[in-house]
Structure formats: structure tokens, C-alpha cells
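Chemist: The primary structure of each chain is shown beneath.
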Amino acid sequence: MTTPTMAVKVLRAPRVRRGNISFNLSLAVLAVMTLAAVFAPLIAPYDPDAVDFAAIYSGPTPAHWLGTDALGRDTLSRMIFGARTALLGPLLVVVSSTIVGILLGLLAGWRGGWIDSVLGRIFDVIFAFPALLIAIMAVALFGKGLVAPVIAMSIAYAPFVARLTRTLVASERSRPYVAAYRVQGFSGGWIALRRVLPNVTPIVGAQSTLNFGYVLAELAALSFLGLGVQAPTADWGAMINEAQAGLMGGYFLPAIVPAMAVVIVVVAVNVIGEELSDRIGGGIPA
Amino acid sequence: MTTFRRVAGKLGALLLTLFLASVLVFFSRFLVPGDPISFLLRGRKPSPEAVAQVTAQYGLDLPPWQQYLNWLAGILHGDFGRSLQFRQDVSVVIGERLPVTLGLVIMAGTMIAVVGLIAGAIAALNRGRVLDRAVLVGLTVLGAIPSFVGSIVLIAVFAVQLGWFPSFGSGEGFWDTVYHLVLPSIALAIVFVVLIGKVTRSSMVDQLGREHVEVATSRGLTRGTIIRRHVFRNAIGPILTVSGLLVAGLLVASSIVEAAFGLAGIGSLLVQSVDRLDFPVVQAIVLLIVSAFVVVNAIIDILEPWIDPRSAAGAGAR
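Line order of the protein sequences matches chains A and B.
Oh and the first sequence: position 225 is 273 in our numbering, straight run, nothing missing.
Oh and the second sequence: position 318 is 368 in our numbering, straight run, nothing missing.
None of these hints come from the bench; they were simulated from the model.
C-beta: ideal position from N, C-alpha, C; glycine also.
Mixed in with the good hints, there may be bad ones.
[Said to hold, decoys possible] Pairwise CB distance ranges, derived in the manner of DEER restraints:
1) A:ALA218 <-> B:ILE349: 27 to 37 Å
2) B:ALA123 <-> A:PRO280: 43 to 53 Å
3) A:ILE147 <-> B:GLY93: 33 to 43 Å
4) A:PRO93 <-> B:ILE352: 52 to 62 Å
[What the hints assert, rightly or not] Just some of the chain A residues that point at chain B, by a computed CB distance under 10 Å:
5) ASP172
6) PHE175
7) LYS192
8) GLY193
9) VAL195
10) LEU273
11) GLY285
12) ILE288
13) ALA291
14) LEU295
15) MET308
16) VAL319
Use the sequences and the hints to build the structure in full.
Modeler: Below, the structure is given as C-alpha cells:
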């Protein structure tokens with residue numbers, strides 16, 4: 049099997065030299081989105097679910113800055129509330145897959161031997177299942193919503209983190225400082241957890257940030273397919289799904305607004321992730 | 051190591067991965083708590099015939115490992131069981147929809163290859179210059195446009211606003227089908243171009259800096275010859291590897307595009323089957339996608355020494 053980490057490496061190898069402008073801009077975008085998500089009820093001009101039949105498919109007006117949808121619901125308010133599920137889902141996936149992945153990678157890289165081979169074989173099998181496919185499978189088994197897909201995608205992403213951690217830990221193991229602790233009689237487990245782990249965590253963490261954008265797009269896709277967050281709830285993917293019918297009638301705004309929100313956040317997260325990897329990792333050893 | 055042993059080893063690994071994947075797909079059902087008949091017949095009336103059919107199909111009165119073996123034996127004979135929503139054989143249902151998905155994936159794959167290779171080559175040959183940067187930024191932006199966003203923007207602009215392309219269905223006959231699949235395949239291709247573009251660029255940049263290129267230049271070969279015979283030929287290995295990894299992504303993402311454009315392919319069938327609780331169809335499609343991915347990557351892996359003879363000598367030759 050070819051290793052997907054190689055693709056990841058290649059994907060990130062040629063870096064565009066970015067000034068701090070795009071990085072800071074991306075941080076600002078993400079901060080605004082996060083604040084919007086947290087304080088949605090205070091910021092949103094309307095109740096995201098309030099139906100107004102007097103203002104169906106309203107274009108951008110002073111009352112509705114980004115117009116309204118087929119039920120007269122305010123698109124801006126729905127987009128602000130939609131930031132909640134849009135950011136929470138990927139956050140949960142990235143955090144849990146990073147924790148699980150680091151621990152498994154540490155185990156494989158530190159112990160080596162048969163544990164390493166068995167874990168490697170398991171990762172190979174999981175790599176054959178694309179994350180979105182695992183998420184769809186989880187919905188087929190456990191029903192629609194965000195819970196099953198989030199758990200499923202955490203499992204799908206953990207091997208990527210684990211493989212990177214394993215590589216880093218394996219090269220760290222032969223460093224002189226590890227031998228120095230060994231000679232002083234520290235136990236292997238202590239060195240691994242208290243000295244090696246803190247050394248590899250920042251690099252792995254920076255790489256995990258890059259997964260955030262993929263997960264966000266995949267969870268939004270799931271809601272777009274009608275398998276994730278369900279219809280009345282304001283969610284970017286679900287909003288696009290609902291707005292598809294209006295597209296044919298030339299009402300683009302209810303679909304384009306959440307779509308642009310997805311693209312903007314994905315770009316921002318990717319810029320931040322690549323910058324962090326550059327600063328912390330200085331390239332991935334392969 | 052002889053070629054025969056190498057190929058046999060790879061085939062063994064392929065079979066093992068396929069076996070483990072089939073185990074995961076089959077036994078995933080056992081993660082659901084409760085009685086299997088009520089899981090398989092969710093949302094349907096558990097009529098005696100339906101219960102009898104599902105029990106027979108999965109051999110529910112047998113021990114789990116025997117259920118698995120029966121299921122696997124059926125699949126090896128092309129029997130994926132019966133669909134609950136269509137009351138037809140799963141293989142028939144999938145067979146009817148496979149051509150659309152294959153057409154979509156082939157068209158999108160061609161676009162990805164053409165645009166990705168050209169963009170990557172342009173960037174590599176102008177590395178460090180404005181054009182290089184422009185291509186990289188362009189690729190990064192394309193890489194942030196998920197298929198569902200691409201689909202709705204293309205529908206809005208080219209189907210509704212300009213009316214150049216249809217936005218629904220897959221058409222009749224060859225050319226009409228191609229015409230119907232233009233927008234969907236662009237929507238599918240967009241997000242993946244960045245992968246091929248960037249790997250082409252970095253792989254070619256790597257080769258351009260090598261001594262053998264310097265030697266070729268000093269021998270007076272033309273730039274075109276050097277790029278074709280010395281740079282691109284050596285750069286093809288990583289590009290092929292990444293292309294193999296695209297297969298699964300394309301097949302899964304086609305479900306999004308098929309849903310957006312109302313195409314009756316296996317991707318939209320997968321979504322519809324999840325929605326209508328038709329588990330046999332879901333299992334079959336998941337297994338097909340995973341198998342396609344694993345097999346294509348194994349083929350690329352096995353063929354690599356013939357495409358790039360240096361890799362036969364060992365990884366260090368690069």
C-alpha cells in the first residue's frame with residue numbers, strides 16, 4: 049500500500065511564501081466566525097427559524113442584508129447560527145483524532161516490533177475507507193445526525209495522526225537525550241510520555257490543524273446530502289440542501305451565502321494550519 | 051528479490067487488505083445493538099415474507115462467522131443479495147447505475163490530469179517567479195472549493211443564468227451523456243486538481259535541480275528534450291502514486307455531485323439507500339468503492355518498476 053502520509057507531505061511541500069497579512073487575516077476570519085458561533089443569539093438580527101411569508105426570497109435589503117430563503121427566514125441569521133455546528137463538529141473530530149492518534153503513534157513508534165506491524169496493518173485498512181465513506185456508513189448504521197459521523201470521522205482521521213507521530217517518535221527514540229535518560233535509569237514509559245511526547249506534540253498538533261478544513265467540508269457535505277444535521281436546524285450544508293430547489297428559479301443567495309461561508313473558513317483554516325506547520329515543524333520528516 | 055516474489059508479495063498484501071475490509075463492512079452491522087432483523091427491516095413492515103427473505107439472505111439463524119462466509123461466497127459469485135427498496139438483486143440495481151458514475155469519474159479524472167499536469171509543469175518551469183506563485187495560489191483556492199459548493203455555483207452560473215448546460219439527469223446516447231456530464235465532472239474535479247498540480251510541481255522541481263539535468267544541458271540537448279525525457283519521465287512516479295490515492299476520493303465525492311445534478315449513479319444510490327434504510331445496497335457499494343481503491347493502488351504499486359525502473363532497485367535509488 050502506498051502511504052497517504054506521502055500524499056499529505058507532497059501536498060504541503062511547496063509552500064507559497066505568505067506574508068503575515070494572509071495569516072492575520074485568516075486568524076481574524078476564524079475569530080469572527082468563532083465569536084459569531086458562540087454569541088449567535090446576541091448577534092443574529094432575527095430568529096434563524098422565524099418564518100416570514102411576507103418576505104419570501106427577499107433579495108439583499110436593509111431589513112435582510114443577505115436576503116431570505118423560500119420560507120422567508122433571514123439568511124444572515126441562519127448563517128450565523130450555522131457557524132455553531134460547522135465549527136463544533138470539526139473541532140470535536142480534530143481534538144479526538146489527535147489525542148487517539150498521538151497515543152497510538154507513540155505506542156507504535158516507541159515499542160516497535162509486532163505492535164508496530166499490527167497497528168500499521170490496521171491503519172492500512174482504515175486508509176482504504178475515505179473519511180466521508182466511513183461517515184456515510186455510520187449514518188446507515190446508527191441513524192442521521194452529527195453524533196455518529198463525528199465519531200466515525202475521528203476514527204477515520206486518527207491513523208493519519210498516528211502515522212505521523214510514529215515517524216517522529218521513531219526518529220526521536222535514537223536521539224542522545226533519550227539514551228541519556230535511559231542511562232540515568234528512567235523507565236521507558238516515563239521517557240516516552242514525559243520527554244518524547246511533549247517534543248512531538250506541537251508538530252503533530254500543527255499538522256492536525258490542517259485536517260480541520262477537510263473535516264468541515266466533509267461534514268457540510270454530509271448535511272448537504274441530507275444525512276447529517278437535519279433540515280430545520282440552521283447548518284451550512286443543510287441550508288444549501290434546502291436552497292437547491294430555489295436555485296432553478298434563479299434564487300441564488302440562500303445557497304451561495306452558506307457555500308461561501310464554507311469556502312472562506314476552509315481557506316482561513318488551511319492558511320493558519322500551513323503557517324503553523326511552517327513555524328513549528330519546518331517540514332515533516334518522512 | 052525477483053520480480054515474481056515481489057508481485058506475489060504485493061498480491062498477498064492486496065488480498066489481506068481486501069479480506070480485512072470485507073470483514074469490517076460485514077461485521078459493522080453487529081455494532082448496532084438489538085436484534086438484526088429489526089435493524090435490517092427498520093422503517094418497514096416486518097411481514098413474514100420480508101423476515102423470511104432477510105433471514106435467508108443473511109443466514110441469520112447461523113453463527114456470525116458462517117453468515118460472513120456465506121455472504122462472501124455470494125459476493126465472489128456476483129451475488130450481493132436483494133435490495134429492500136427495489137425488490138431487485140443488488141447487483142442488478144448497481145449494474146444499472148455504474149455506467150453514469152464511471153463516466154463521471156473518467157471525465158473528472160481526465161480534467162484533473164490535464165489541468166493538474168499543465169498547471170504543475172508551468173509552475174515548476176517558472177519556479178520562484180510570479181507565474182509560479184499565481185498557479186500555486188490558484189490551486190490552493192480551487193482546493194478549498196468542496197464538490198457541493200462547486201456544484202451549486204456551476205448550476206447557478208452555467209445552467210440557470212447562462213443556460214449553456216443542463217443541470218439535471220444524464221441524457222440519452224453517448225454525446226448527450228457527455229454533454230450532461232460536463233458540469234458535474236467539473237464540480238467533481240475542482241477540489242482534486244490541487245493534489246496533482248502540487249505533486250507535479252514539486253516532483254519536477256526536484257528533478258530540475260538534479261545533476262543529470264545539468265549534464266544533459268551541458269551536452270547541448272534542447273530544453274524541450276530535457277524536460278520531456280529527463281525531467282518529466284523521472285517525475286512521473288510520485289504523480290502516479292497520488293493519482294491512485296484520488297480514486298477513492300473521486301468515487302465518494304461523486305455521491306455529492308450525483309445528488310446535486312440528479313444523476314442516477316452509484317453515489318446517489320448510496321445516499322438514497324442510506325436514506326431509505328436499504329442496508330444490503332449500502333454494504334455492497336461501500337465494499338465496491340473500497341475494493342476499487344485498494345485494487346487500483348495495488349496495480350500502480352505493482353507496475354511501478356516498469357514505469358520507473360529505478361524503484362525496482364530499491365527506495366534509495368531516488
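Chemist: Looking back at the hints listed earlier, which ones does the structure fail to meet?
Modeler: Of the numbered hints given earlier, those the structure breaks are 8, 9, listed in rising order.
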